[in-house]
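Line by line, the protein sequences are chains A and B. Once you know that position 344 of the first sequence is 344 in the UniProt record's numbering, the rest is easy, because the numbers rise by one and skip nothing. Once you know that position 346 of the second sequence is 346 in the UniProt record's numbering, the rest is easy, because the numbers rise by one and skip nothing.
Think of the hints as simulated: they come from the structure by calculation, not from any bench. For glycine and all other residues, C-beta sits at the position ideal for the given N, C-alpha and C. Honestly, I wouldn't trust all of these hints.
Some chain A residues judged to face chain B by a derived CB distance under 10 Å, without partners named [unchecked claim]: (1) His47; (2) Gly102; (3) Ser105; (4) Glu109; (5) His137; (6) Phe222; (7) Tyr283; (8) Ala286; (9) Ala287; (10) Asn402; (11) Ile405; (12) Glu406; (13) Asp412.
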Amino acid sequence: MTKTIPDVVCPFCGTLCDDLEVVVSDDGKQLLEVYNACAIGAEKFLHSQAEDRLTRPRLAQEDGSWKEIGYEEAIEYTAQMLANSKKPLMYGWSSTNCEAQGVGSEIGEITGAVMDNTATVCHGTSLIAVQDIGIPHCTLGEVKNRADRVVFWGCNPAHAHPRHMSRYSIFPRGFFTGKGHKGRKVIVIDPRKTDTANVADVHLQIEQGRDYELLDALRVAFKGLPLPDVVAGIPKEQIYEAAEVLKSGRFVIIFFGMGVTQSLGKNHNIDEAIAVTRDLNEYTKAAIMPMRGHYNVTGSGAVWGWQFGFPFAVDLSRGFARYNPGETTSNDLLRRDEVDSVFVLGSDPGAHFPFSSVKKISELPSVCIDPHQTPTTAVCKLHVPVAFVGVEVGGCAYRMDNVPIETRKVVDAPEGMMTDEEFLEKVLGRIKEIKGE
Amino acid sequence: MAEFIIKNGFVFDPVLGIKGDKADVAIKNGKFVETTELSNPKTIDATGMTVMAGAVDIHAHVAGPKVNTGRNFRPEDKLFNCTPRRGVERMQGGFSVPTTFRTGYDYARMGYTTVMEAAMPPLYARHTHEEMRDTPIIDQGAFPVFGNNWFVLEYLKNHEIENTASYIAWLLKATKGYAVKVVNPGGTEAWGWGLNCENIHDPVPFFDITPAQIVKGLIEANEYLGLPHSMHLHTNNLGNPGNYTTTLDTFKLSEGIRPNSKFGRDQVMHHTHVQFHSYGGDNWGNFESKSPEIMDYVNSHDNITIDIGQVTLDETTTMTADGPFEHHLTELNHLKWANTDVELETGSGVVPYVYSPTIKVCAIQWAIGLELALQAKDLMRVFLTTDHPNAGPFIRYPRVMKWLMSQQSREEMLTGFKNSDKVIGATHLMNIDRELSLYEIAQMTRAGTAKALGLAHMYGSLKPGLEADLAVYDFNPEQENAPETIETAFGNAKYLFKAGTQIIDEHKIVSNGNKRTLWVNAKVNENPQVMRDVKEKFLRYYTVTQGNYEVAGHHYVPNPYVIEVDATQ
Chain A
1 MTKTIPDVVC
11 PFCGTLCDDL
21 EVVVSDDGKQ
31 LLEVYNACAI
41 GAEKFLHSQA
51 EDRLTRPRLA
61 QEDGSWKEIG
71 YEEAIEYTAQ
81 MLANSKKPLM
91 YGWSSTNCEA
101 QGVGSEIGEI
111 TGAVMDNTAT
121 VCHGTSLIAV
131 QDIGIPHCTL
141 GEVKNRADRV
151 VFWGCNPAHA
161 HPRHMSRYSI
171 FPRGFFTGKG
181 HKGRKVIVID
191 PRKTDTANVA
201 DVHLQIEQGR
211 DYELLDALRV
221 AFKGLPLPDV
231 VAGIPKEQIY
241 EAAEVLKSGR
251 FVIIFFGMGV
261 TQSLGKNHNI
271 DEAIAVTRDL
281 NEYTKAAIMP
291 MRGHYNVTGS
301 GAVWGWQFGF
311 PFAVDLSRGF
321 ARYNPGETTS
331 NDLLRRDEVD
341 SVFVLGSDPG
351 AHFPFSSVKK
361 ISELPSVCID
371 PHQTPTTAVC
381 KLHVPVAFVG
391 VEVGGCAYRM
401 DNVPIETRKV
411 VDAPEGMMTD
421 EEFLEKVLGR
431 IKEIKGE
Chain B
1 MAEFIIKNGF
11 VFDPVLGIKG
21 DKADVAIKNG
31 KFVETTELSN
41 PKTIDATGMT
51 VMAGAVDIHA
61 HVAGPKVNTG
71 RNFRPEDKLF
81 NCTPRRGVER
91 MQGGFSVPTT
101 FRTGYDYARM
111 GYTTVMEAAM
121 PPLYARHTHE
131 EMRDTPIIDQ
141 GAFPVFGNNW
151 FVLEYLKNHE
161 IENTASYIAW
171 LLKATKGYAV
181 KVVNPGGTEA
191 WGWGLNCENI
201 HDPVPFFDIT
211 PAQIVKGLIE
221 ANEYLGLPHS
231 MHLHTNNLGN
241 PGNYTTTLDT
251 FKLSEGIRPN
261 SKFGRDQVMH
271 HTHVQFHSYG
281 GDNWGNFESK
291 SPEIMDYVNS
301 HDNITIDIGQ
311 VTLDETTTMT
321 ADGPFEHHLT
331 ELNHLKWANT
341 DVELETGSGV
351 VPYVYSPTIK
361 VCAIQWAIGL
371 ELALQAKDLM
381 RVFLTTDHPN
391 AGPFIRYPRV
401 MKWLMSQQSR
411 EEMLTGFKNS
421 DKVIGATHLM
431 NIDRELSLYE
441 IAQMTRAGTA
451 KALGLAHMYG
461 SLKPGLEADL
471 AVYDFNPEQE
481 NAPETIETAF
491 GNAKYLFKAG
501 TQIIDEHKIV
511 SNGNKRTLWV
521 NAKVNENPQV
531 MRDVKEKFLR
541 YYTVTQGNYE
551 VAGHHYVPNP
561 YVIEVDATQ
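Could you put together the complete structure from these sequences and hints?
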């Protein structure tokens with residue numbers, strides 16, 4: 001007999017779909033089928049069943065080979081590394097639950113670490129913009145129930161958040177949106193002709209890196225003031241028309257992604273995009289939302305917010321929390337040789353940081369906690385595989401609209417494996433012993 | 001558990017009627033007991049000091065999504081005030097929106113041991129509970145918001161009180177909530193379309209109901225259930241000149257309704273931060289205090305309680321589920337604005353604000369809050385708050401006490417304002433010579449708030465059998481004290497006990513305590529219609545499934561204190 005578990009939460013992207021159904025074997029050890037998930041989400045669940053999965057920590061040897069060790073030894077190694085560092089970098093935290101993030105924070109406090117998450121190379125610029133100008137925001141259900149104007153700016157949910165359009169933004173019928181996608185006008189702003197652009201009513205194929213100009217032009221157009229003939233590669237007629245489409249909506253939502261946050265202008269682009277949204281609130285109702293990537297990057301910003309007051313790049317090395325992006329952000333620290341060890345949990349900087357930063361990680365004492373083998377585990381000295389959060393252990397995660405949802409355990413982890421939280425608790429206990437607390 | 005005797009202090013306890021008499025207080029097994037029950041107690045010498053029960057804050061915004069937005073979008077709120085980990089204390093930071101750790105420690109330092117989070121969006125209940133879990137020492141509960149909830153709007157449109165009550169019971173359990181909170185009824189739903197309900201008879205767009213119907217219906221549903229606390233209201237038209245008429249209209253909705261609760265409260269409506277709702281004039285030029293009209297009503301109607309929402313003249317961070325008000329505020333001050341609308345339930349906004357003593361309107365607001373308290377005939381029904389952090393941060397409570405207790409300190413303020421004459425002309429404070437006593441302060445901060453929350457059986461007094469929450473302040477009421485000493489002493493408790501555990505010793509925090517989360521489990525008769533409505537709403541309109549909505553106990557509410565209510569009869 002098999003069991004079907006309903007309401008399973010997908011621990012892949014910030015869409016955090018919570019309507020998955022997972023079929024498991026009667027003994028709860030084997031995961032057999034995943035329904036309702038997108039291809040990426042389903043693969044994440046099924047990957048936990050991979051036969052070649054590592055189940056014990058392994059330590060890099062001088063000759064480049066790996067030696068399997070026990071969890072106790074891995075805890076001792078990690079605790080010694082962090083306790084003996086002057087300024088460790090504790091990076092990641094986006095693919096784990098809030099409970100583990102909370103324990104990690106206390107380790108960071110005791111060891112004087114810099115705590116940073118994947119926002120540092122993703123939506124950190126959005127967080128800075130919010131500090132500049134605020135953010136008119138809403139939950140995804142407001143989009144489903146009210147939005148009749150939907151903008152995707154510099155993002156491609158068709159590939160990065162595959163169920164976003166069907167669950168929340170384009171296709172669903174809500175309380176005030178009974179016609180579904182027929183009642184919505186969709187504008188995509190992207191230099192590429194993406195699969196998302198293919199389903200849009202309007203695709204403004206903007207020149208690469210000219211987002212700020214186009215956003216500014218929209219604000220001018222809202223007021224009916226004159227524009228140059230072409231802005232950012234878009235004829236002014238199209239800009240006036242787009243402005244009118246937005247102003248005439250009952251509820252406008254702007255989703256934006258890394259195409260705007262990490263292109264020229266960075267946080268200034270987002271400042272301007274939020275200003276566009278603020279302006280629209282003079283005429284109608286409008287909200288804006290970052291398309292957060294990892295399923296719980298939002299949660300790590302929330303946990304650090306209530307514990308330290310800052311959403312990323314939190315430097316605890318002076319004994320109290322400091323925040324100064326550009327100074328206390330991971331790549332800046334690594335490339336200036338300002339950290340003396342690196343601890344990674346719940347992300348893969350090896351795949352996403354510049355090569356110069358990855359090289360620094362490879363030269364420093366380093367530990368990576370990750371159920372998978374990744375480019376990061378390949379360069380760290382110690383790799384500790386752990387249970388999959390959201391598959392083999394539950395815990396709280398925050399959706400891209402900050403809504404917290406509790407992920408569910410659906411199968412047992414391979415025997416003897418630890419969870420992130422358990423491993424961190426043990427490391428915390430050992431560090432307290434070393435530090436005499 | 002250790003036994004303690006707190007000897008020889010000046011005790012203030014409105015429940016026991018003790019007005020500064022010297023007395024000994026005994027603690028055993030986490031409760032107050034008669035001194036004769038102690039066998040080998042540790043002695044705390046409180047000679048020359050003030051002893052009171054731990055204080056209970058009826059209304060503050062200290063946990064949850066809008067609070068965290070306030071923290072994360074204001075790095076400037078943490079400039080020069082981050083403190084390191086030391087002893088049992090975790091790292092702390094923040095002024096108007098402190099981190100959770102600072103929140104717990106700062107409340108404890110003021111002698112507060114119980115604090116209610118005044119607005120919890122149900123969809124974000126997990127977040128609120130995670131923050132409360134990480135707030136040390138103080139017991140907390142959170143009020144889910146109901147005034148713009150689609151279930152409530154649809155039931156009350158047809159005056160379906162029983163269905164509303166069933167839904168309230170279901171939502172309190174799902175969110176582990178404590179009471180029925182209402183914020184700008186109907187107006188926040190209207191804000192979903194960029195609109196508002198500016199008075200209690202403005203129809204809510206698309207829902208065929210008015211704020212008056214929502215408020216009255218929720219009072220009735222609250223009494224149908226017999227919840228510990230009454231309906232807790234922030235009414236329409238907050239912050240606008242001339243809004244006192246809306247406030248009086250709202251008060252009148254409670255007329256003729258008596259409490260139906262076994263928890264000892266006398267009110268059916270708690271109206272919060274009334275300072276923001278007591279304005280005369282019709283523009284900012286002729287803005288003036290209408291506190292006498294408001295207090296005349298409150299003084300003559302015993303089924304209402306209020307808190308003052310005292311402006312403290314600081315830079316702060318405003319935050320409320322009154323979404324349209326925050327948009328209005330950002331239009332006014334042009335500072336940054338965060339807004340979140342929450343599907344089917346509520347909305348919210350956050351805007352920084354500077355209450356400058358050089359601005360006439362701010363100084364008038366400051367005076368109105370004090371006038372409300374100083375005109376109160378019964379301070380068991382009028383409570384001290386700053387609507388933290390909206391009118392000012394909670395750490396200013398001792399300063400508010402100073403103003404309430406010292407006419408000299410008030411007059412120094414009034415005469416020192418840049419627009420002194422105009423402020424004095426638009427307010428009544430200069431003519432009030434009343435100085436509140438410590439007994440009355442204990443009513444406003446302990447006995448009264450505990451009673452209004454339906455928690456008089458646990459908090460607010462030193463009566464044997466109650467939770468041993470006790471604060472000792474380095475303040476001798478028999479001496480001639482300069483006004484400043486009030487603020488210094490009451491912001492820095494010398495000793496503090498929470499449920500019998502010593503938290504502060506010689507002004508130093510020595511324990512993180514064993515904080516609890518209070519929530520209300522109301523049992524109601526089975527109601528298939530409401531359960532069917534819940535199921536349908538989740539299927540069609542929510543973006544989380546019903547199966548993932550309820551806040552499970554374990555790590556969100558690791559140390560619950562559940563108050564059981566039986567409304568099945």
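We went through each hint and held it up to the structure:
The beta carbon of A/His47 comes no nearer than 23 Å to any beta carbon in chain B, farther than 10 Å, and the hint placing it at the interface is violated. Given hint, A/Gly102 at the interface with chain B, holds; its Cβ is 7 Å from that chain's nearest Cβ, closer than 10 Å. About 9 Å separates the beta-carbon of A/Ser105 from the nearest beta-carbon of chain B, less than 10 Å, and the hint is met. Checking A/Glu109 against chain B: minimum C-beta separation of about 5 Å stays under 10 Å; hint holds.
For the restraint placing A/His137 at the interface with chain B, the shortest Cβ-Cβ distance is roughly 5 Å, inside the 10 Å limit, so the hint holds. The criterion of a C-beta within 10 Å of any C-beta in chain B is not met by A/Phe222, whose closest approach is roughly 15 Å, and the hint is violated. For A/Tyr283, the suggested interface contact is upheld, since its CB lies about 8 Å from the closest CB of chain B, less than 10 Å. Given hint, A/Ala286 at the interface with chain B, holds; its Cβ is 8 Å from that chain's nearest Cβ, closer than 10 Å.
The interface hint given for A/Ala287 holds, since its Cβ lies 7 Å from the closest Cβ of chain B, which is under the 10 Å cut-off. Taking 10 Å as the C-beta cut-off, the interface hint given for A/Asn402 holds, the closest approach to chain B being about 6 Å. A distance limit of 10 Å between C-beta atoms decides the matter here; for A/Ile405 the minimum to chain B is near 6 Å, and the interface restraint holds. Taking 10 Å as the C-beta contact cut-off toward chain B, the hint placing A/Glu406 at the interface holds, the least distance being around 7 Å.
Hint status for A/Asp412 relative to chain B: violated, with the closest Cβ pair at about 18 Å, above 10 Å.
In summary, the numbered hints that this structure violates are 1, 6 and 13.
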